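Enquirer: Let the hints inform the model, and build the full structure from the sequences given.
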Amino acid sequence: MQSESDRKILIVEDEAYIRLLIEQTLEELEEQGVDILEADNGQDALRLIQEETPQLVFLDVMIPKINGFEVCRTVKRELGMKDVTIVILTAKGQEYDYQTGKEAGADLYMTKPFDPDELLELAKKVLR
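The sequence shown maps to residues 5 to 132 in our numbering.
If you're looking for bench data, these hints aren't it; they were derived computationally from the structure.
Hints are all accurate, no fakes.
With a cut-off of at most 20 Å between alpha-carbon atoms, the simulated SDA-like pairs for lysine to any residue come out as follows: (1) Lys86 / Arg11; (2) Lys116 / Thr89; (3) Lys80 / Leu112; (4) Lys86 / Leu131; (5) Lys96 / Pro120; (6) Lys116 / Ala95; (7) Lys106 / Arg81; (8) Lys86 / Glu56; (9) Lys96 / Asp111; (10) Lys106 / Asn71; (11) Lys12 / Gln47; (12) Lys116 / Pro68; (13) Lys96 / Gly109; (14) Lys128 / Glu56; (15) Lys129 / Glu27; (16) Lys86 / Glu74; (17) Lys86 / Lys106; (18) Lys96 / Asp119; (19) Lys86 / Leu50; (20) Lys69 / Lys80; (21) Lys12 / Val130; (22) Lys12 / Gln54; (23) Lys129 / Asp111; (24) Lys128 / Arg23; (25) Lys96 / Arg23; (26) Lys12 / Gln28; (27) Lys12 / Leu33; (28) Lys129 / Leu41; (29) Lys96 / Pro68; (30) Lys129 / Asp87; (31) Lys129 / Met114; (32) Lys12 / Leu50; (33) Lys128 / Leu24.
Predicted, not measured: the structure shown is a model, and the values here were computed from it.
Expert: Below, the structure is given as structure tokens:
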């Protein structure tokens, strides 16, 4: 069980305004001591996941350097980090994309535009 101070969420999104929107959505959790980390590319995301071990990662697919599917695949398959919950959060909503996300090891798949309340509830559930 994670201690209160160890709870972390990583937002991986290259669009600054979407990153801000997700962060604002999760503000309530931040007030409860959850650290919100951010990355705007796949390379930084992988480094942060390995260094910080967030419980939850909201991961965009179309990001620079390493795409979200590859980041997910590396974390879940190569690094075997099963305790990290990865939510693919993307505008790509085709069946093929869902399948690719599932094969990469994503725990959940949400499409943009997302419902902020749904995002917050999901985060609370994962961190509980």
